[in-house]
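Q: Take the sequences, apply the hints, and build the full model.
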Amino acid sequence: MEHWEAVKRILRYVKGNVALGLKVRKSDSVLVSAFADANWVGCPDDRRSTRGFAVFLGNNLVSWCARKQVTVSRSSTKAEYKALANATVEVIWVHKLLDELGISHPRAA
489 MEHWEAVKRI LRYVKGNVAL GLKVRKSDSV LVSAFADANW VGCPDDRRST
539 RGFAVFLGNN LVSWCARKQV TVSRSSTKAE YKALANATVE VIWVHKLLDE
589 LGISHPRAA
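Residue numbering for the sequence shown follows my numbering, beginning at 489 and increasing consecutively.
Some clues are possibly wrong.
[Stated by the list, open to error] Computed cross-link-like contacts, DSSO-like style, restricted to lysine-lysine with a CA-CA straight-line distance of at most 30 Å:
id, residue 1, residue 2
1, K566, K584
2, K556, K514
3, K584, K514
4, K570, K584
5, K514, K503
6, K556, K503
7, K566, K556
8, K511, K496
9, K566, K503
10, K496, K556
11, K584, K496
12, K584, K511
13, K496, K566
[Said to hold, decoys possible] Computed spacing ranges between beta-carbons, pair by pair:
id, residue 1, residue 2, range
14, W581, V558, 12 to 22 Å
15, W492, K566, 12 to 22 Å
16, S515, T559, 20 to 30 Å
17, L585, M489, 34 to 44 Å
18, T576, V518, 10 to 20 Å
19, W492, K584, 17 to 27 Å
None of these hints come from the bench; they were simulated from the model. All figures in this text were calculated on a predicted structure; none of them were measured in a lab. Each residue gets a CB set at the ideal place from its N, CA and C atoms; glycine is no exception.
A: So, in structure tokens, the structure goes:
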């Protein structure tokens with residue numbers, strides 16, 4: 489039920505923002521890449537960091553996230569590490585999805 493509610497929320501968002509668009513273009517590459525960043529102690533009120541990542545399949549953005557971290561990081565390195573860990577989980581998920589769909593893709597060495 490929770491996933492169904494999330495899907496409906498996404499569809500409502502897309503319906504309300506059709507004019508903004510999301511460019512998806514044909515790409516010969518199936519390389520999965522990710523970029524992650526964190527803003528250490530970004531909020532002066534609760535001292536929590538903001539983290540985010542973007543995952544690309546070829547040249548197309550396929551997944552992204554930006555939110556406050558649940559816990560307070562004691563250093564900028566730890567905040568960055570947490571952001572990178574979240575991006576890694578998403579990259580693994582995209583790899584598994586491609587495997588299930590039978591799409592071959594390059595793997596890290």
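Q: Please go over all the hints and tell whether each is borne out by the structure.
A: Hints and how they fare:
1. K566 / K584: holds, 27 Å
2. K556 / K514: Since the Cα atoms of K556 and K514 sit roughly 33 Å apart, the hinted pair is violated (cutoff 30 Å).
3. K584 / K514: Holds, because 21 Å separates the two Cα atoms, which is no more than 30 Å.
4. K570 / K584: holds, 21 Å
5. K514 / K503: holds, 23 Å
6. K556 / K503: Judged against 30 Å, a Cα distance of about 26 Å means the pair holds.
7. K566 / K556: holds, 14 Å
8. K511 / K496: Judged against 30 Å, a Cα distance of about 21 Å means the pair holds.
9. K566 / K503: violated, 38 Å
10. K496 / K556: holds, 23 Å
11. K584 / K496: Holds, because 24 Å separates the two Cα atoms, which is no more than 30 Å.
12. K584 / K511: holds, 24 Å
13. K496 / K566: Given pair K496, K566 is violated - Cα atoms ~34 Å apart, limit 30 Å.
14. W581 / V558: 12 to 22 Å: 19 Å Cβ-Cβ, so the 12 to 22 Å window holds.
15. W492 / K566: 12 to 22 Å: violated, 35 Å
16. S515 / T559: 20 to 30 Å: Check failed, 37 Å falls outside 20 to 30 Å.
17. L585 / M489: 34 to 44 Å: violated, 22 Å
18. T576 / V518: 10 to 20 Å: holds, 18 Å
19. W492 / K584: 17 to 27 Å: Holds, since W492 and K584 (Cβ atoms, about 21 Å apart) stay within the stated range.
Of the hints listed earlier, those the structure fails to meet are numbers 2, 9, 13, 15, 16, 17, in rising order.
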